[in-house]
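Under the working numbering, read the sequence shown as residues 2 to 88, first letter to last.
Calculated from the structure, these hints are not laboratory results. All residues carry an ideal CB built from backbone N, CA and C; glycine is no exception. Some hints could be false.
To be verified - Taking CB as the label site, the calculated pair distances span: (1) Pro75 with Leu42: 34 to 42 Å; (2) Tyr27 with Thr59: 55 to 63 Å; (3) Leu51 with Glu24: 49 to 57 Å; (4) Leu71 with Gly46: 32 to 40 Å; (5) Met36 with Lys76: 55 to 63 Å; (6) Ser29 with Val53: 38 to 46 Å; (7) Pro34 with Thr13: 54 to 62 Å.
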Amino acid sequence: MKMMKEADEARTNVVKLEVYFEELNYQSIMETPAMDIFDLLSNIGGTLGLYVGMSFLTLGEFFELFLKCLAVAPKAKLRSRASMDEL
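Make the full structure from the sequences, and use the hints.
Quick look at the structure:
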């Protein structure tokens with residue numbers, strides 16, 4: 002009798018649980034760098050080349066302006082002397 006009571010108690014206290022997976026595959030997430038060292042150096046070199054190129058163009062423009070000012074200055078001096086002589 003004791004065995005039957007223990008068997009009945011075991012049946013009421015034991016749960017049979019079956020777990021089913023929705024999918025049998027898995028997803029793998031890998032992190033990769035957005036930019037490697039060669040891309041970084043390339044971007045830095047391109048930007049630096051752009052800035053240096055603009056700097057040289059600006060220096061050239063200033064040099065050209067300076068030369069034009071030097072060319073105009075003697076003519077302006079002659080004009081001022083001529084106008085003084087007329088007075």
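Hint-by-hint comparison with the structure:
1. Pro75 with Leu42: 34 to 42 Å: 50 Å, violated
2. Tyr27 with Thr59: 55 to 63 Å: Roughly 58 Å apart at Cβ, these two residues keep to the hinted range, so it holds.
3. Leu51 with Glu24: 49 to 57 Å: Because 51 Å falls inside the window, the suggested range holds.
4. Leu71 with Gly46: 32 to 40 Å: This hint holds: roughly 37 Å between Cβ atoms.
5. Met36 with Lys76: 55 to 63 Å: Given a distance of about 57 Å, which is inside 55 to 63 Å, the answer is holds.
6. Ser29 with Val53: 38 to 46 Å: 45 Å, holds
7. Pro34 with Thr13: 54 to 62 Å: Holds - the Cβ-Cβ distance for proline 34 and threonine 13, about 59 Å, lies within 54 to 62 Å.
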